[in-house]
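Got chain F; can you put chain H on it based on the hints?
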Amino acid sequence: MAPLDHGPAAGGVDDTPHEQRRNARIGMLLFIVYTACYTAFVLTAAFASERMATRPWADINLAIWSGFGLLLLALVLSLVYSWLCRARGVK
Amino acid sequence: MIYSPSPLAVIVFGAFVAFTLGLSFYFARRTRSAAGYFAAGGQIHWFVNGVAFAGDYLSAASFLGICGMIASYGYDGFLYSIGYLAGWIVALFVIAEPLKRMGRYTFADALNSRFQSRAITLSAGISTLVVSVFYLIPQMVGAGALVTPLLGLPHWAGVSMVGAVVMLIVVTAGMVSTTYVQFLKGSLLVVFSAVLTLLILNRGLTTQPEAPGFRAPRLSKAISPVGLPYFKQLTAEDLGLEGEEVRQQELQWTDTPYLATRNLASGRVTVWRESPVMTRDKDGKLVADAGLVMFYETQTLTVLPDGKRLVNGLPQGHGEDETDFFPVGKIERLPGGETSTGPIGPVEFFSTLEGSDILLWKQDPSKYPTSVDGELAFTTVYYPQLTAGTDVLLPGKSPTFNGIRGDALAPKLNFLSLMLALFGGTASLPHILIRYYTVKDQAAARKSTVVGIGSIGFFYLLTLFLGLGAMTGGVIDPTSANNNMAAPLLAKSFGPLLFAMISAIAFTTVLGTVSGLIVAAAGAVVHDLMTSVGRMQLTDHEKVRAGKLTAAAVGMLAIVLGILFEHMNVSFLVGWAFSIAASANLPSLVMLLFWRGTTRQGITAAILVGMTASLAWVLLSGDTFTAVYGLPAENAPVPFNQPGIVTIPLGFAVLVVVSLLTRESKVRRGAQEGDRNH
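These protein sequences, in sequence, are chains F and H. Mapping to numbering that gives the first Met the number 0: the first sequence position 64 is 63, numbers consecutive. Mapping to numbering that gives the first Met the number 0: the second sequence position 227 is 226, numbers consecutive.
Please note: incorrect hints may appear among the correct ones.
No more than 20 Å apart at the CA atoms, straight line, and that leaves these computed lysine to aspartate or glutamate pairs for DMTMM-like [unchecked claim]:
no., chain 1, residue 1, chain 2, residue 2
1, H, K284, F, E18
2, H, K307, H, D288
3, H, K220, F, D58
4, H, K284, H, E331
5, H, K396, F, E49
6, H, K307, H, D372
7, H, K281, F, E49
8, H, K307, H, D323
9, H, K231, H, E249
10, H, K284, H, D372
11, H, K220, H, E331
12, H, K281, F, D58
13, H, K396, H, D440
14, H, K361, H, E321
15, H, K307, H, E296
Quick caveat, the hints were computed from the structure, so don't treat them as lab data.
With the rest of the complex left out, here is chain F:
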């Protein structure tokens, strides 16, 4: 049961400085995209809550669509980040 035998850390392979800079750049870009969407949601709920009652599609209000949208956006962006930051053999 070797994987469960938790001794001292064996030491993984750290990203190269180039990869670290690249990942930080991608992360910041995706962070800005998500933060903009989250901020729009929160400000709409706080200062234009009547808009949340409008039903853009399928007889379901904007509050439900935007809430689910934010949760799904987080999942999608995390997968995009993981894919863009994958190791590409440049060490």
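Chain H alone, transformed into the frame defined by chain F:
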């Protein structure tokens, strides 16, 4: 409500606890070093770590608190789901990889990677302890709420039991056993929540829920309003209440919207509440019909001076001549006058609810003086209120958020403050941050965060179904303001086995999160405070022993706090922990990564000021005044409850100002050193 223990639930619960402890004892024999005890030797596989993130993060607040809040008020609980997941975006895109690169055991390691300052270690260690203790409180409150219906034990016993089991888990094998308990719990929680959601959708929405003990409240015929003083002139015939007689003299409160009747056969007194007849206007909005009222059956609780409780006039219990509250919450009218939708899709679930009217229960805030056998007692009334489905699917129905529908600025700032704290808080929680040290490298940290976001996000998608399923499923305890038990009681409506499984998983939920918190606190005490700040020379073995002793002490503290804070909603309490974490830790972490001008004095000051300011704000808030001190909320000196919108920017400002002030001295010191060298 009084809950009876279910033998099946006790067996499943016992099996879960035994397995969890067995796992801990197994790993105990393999964990000898400090690296193994506090950070699992950095050898956890990224996928296991990712699911363990979910197990660590999906705490009692998520499962019990959010579902309970949605069951009570609708969409407002879902705001927590959105905020909690948004916080992971900060963790993944900004914090995860640099943190893994910079640290080894604790959050203080990362902050100190450039400075090697004892002041930073001390302040970060204290902040870790404070945040962990504040986060522990709701977990323990949730534990008590769970064990009460599961085993029929009082709240304090549930809290003590969780405390004891967690102390055993952490004391035996530290981060290794904690990780696998969290992995197990994270997997089970997500899978069984999905199962429960599928069952809700398969059952569909109905006006006649079939939950155990549920019955719809009786209601009178619609009549023209007669005015409060003239209730006594009404007759049972006027109201269409067969077998009853109006006995307003049974009621000792005058000029209230209540009417009393006595059953001619049993002699039992029922209290009814006048309510306007609600109809849908041409736009589909629920409006009061000014010309008609009706009376809804209420449920009453009278507490005698010796603590005895009377429910609807009879002693509370399940014996002869005793009674208990019946569970509530149902759809009163479905669109098109249907009584049941049958199996339903997720989109149709929400669109049907939007067009439905739901019978929610409220508590009358007044306590009515009542004479019982010559003794003065006080009666609380719980009554049904027809609510439009559109209303529960919008933000702003709960007391926490209802100000966002108004024009006043303070409630809106309170809301923004909480959403900011949730956004920034996740990446500042010490027990989440230390999980990055359990994997081998930055790629593993990144991949495990993605798995964590996938598991956590999927669970949060389900919370709205679970909460609304409970709200309309006839399982709500009318006397519970926070409804922390909504999800397990919803499971009970699908059968005792599912109830047993969900309750045991929820209990493991508490175990997983509390274990993580205690490991974080123990790490901060041993690694930061004792070794780094106190400069105590400890061998590896002594560090592990000190960690175990600290874990036991923190566990004891958690038990006491869990008993003291019994009556508060767990999600609400977690909001405070997030605010303190974000105010104390986020400015330092972010500025260290993105501003080269950050100094050690700036980091130390930001942590201490952010932590102190947010803690002071919480202790001086209206909610604390009411719930903890028993004082009127109006006396609170701070304008709203959530501190984040003030104290998070304050932390950043302090860091920048102090860093700018101390940067000059750093340059001068460098120059002086240069002179000496020449």
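Hints, verified against the model:
A C-alpha spacing of about 56 Å is found between K284 (chain H) and E18 (chain F), which places the hinted pair above 20 Å, so the restraint is violated. For the given pair, K307 (chain H) sits about 40 Å from D288 (chain H) by alpha-carbon distance, which is inconsistent with the 20 Å threshold. For the hint linking K220 (chain H) to D58 (chain F), the alpha-carbon distance of about 33 Å lies beyond 20 Å, and the restraint is violated. About 15 Å separates the Cα atoms of K284 (chain H) and E331 (chain H), which keeps this hinted pair within 20 Å; it holds.
This hinted pair checks out: K396 (chain H) and E49 (chain F) have alpha carbons roughly 13 Å apart, not beyond 20 Å. For the given pair, K307 (chain H) sits about 13 Å from D372 (chain H) by alpha-carbon distance, which is consistent with the 20 Å threshold. Under the criterion of a C-alpha separation no larger than 20 Å, the hint pairing K281 (chain H) with E49 (chain F) is consistent with the structure, at around 19 Å. For the hint linking K307 (chain H) to D323 (chain H), the alpha-carbon distance of about 13 Å falls within 20 Å, and the restraint holds.
Simply put, K231 (chain H) and E249 (chain H) have alpha-carbon atoms about 11 Å apart, close enough for the 20 Å limit, and the pair holds. Distance hint between K284 (chain H) and D372 (chain H) is unfulfilled; the C-alpha atoms sit about 47 Å from each other, more than 20 Å. Between K220 (chain H) and E331 (chain H) the CA atoms are separated by roughly 16 Å; this keeps the pair inside 20 Å, and the hint holds. With a C-alpha separation of about 17 Å, the suggested pairing of K281 (chain H) with D58 (chain F) holds against the 20 Å cut-off.
Of the pairs offered as hints, the one joining K396 (chain H) and D440 (chain H) is violated, with about 45 Å between alpha carbons and a cut-off of 20 Å exceeded. About 24 Å separates the Cα atoms of K361 (chain H) and E321 (chain H), which puts this hinted pair outside 20 Å; it is violated. Distance restraint check for K307 (chain H) and E296 (chain H): the Cα-Cα separation of roughly 23 Å exceeds the 20 Å cut-off, and the hinted pair is therefore not satisfied.
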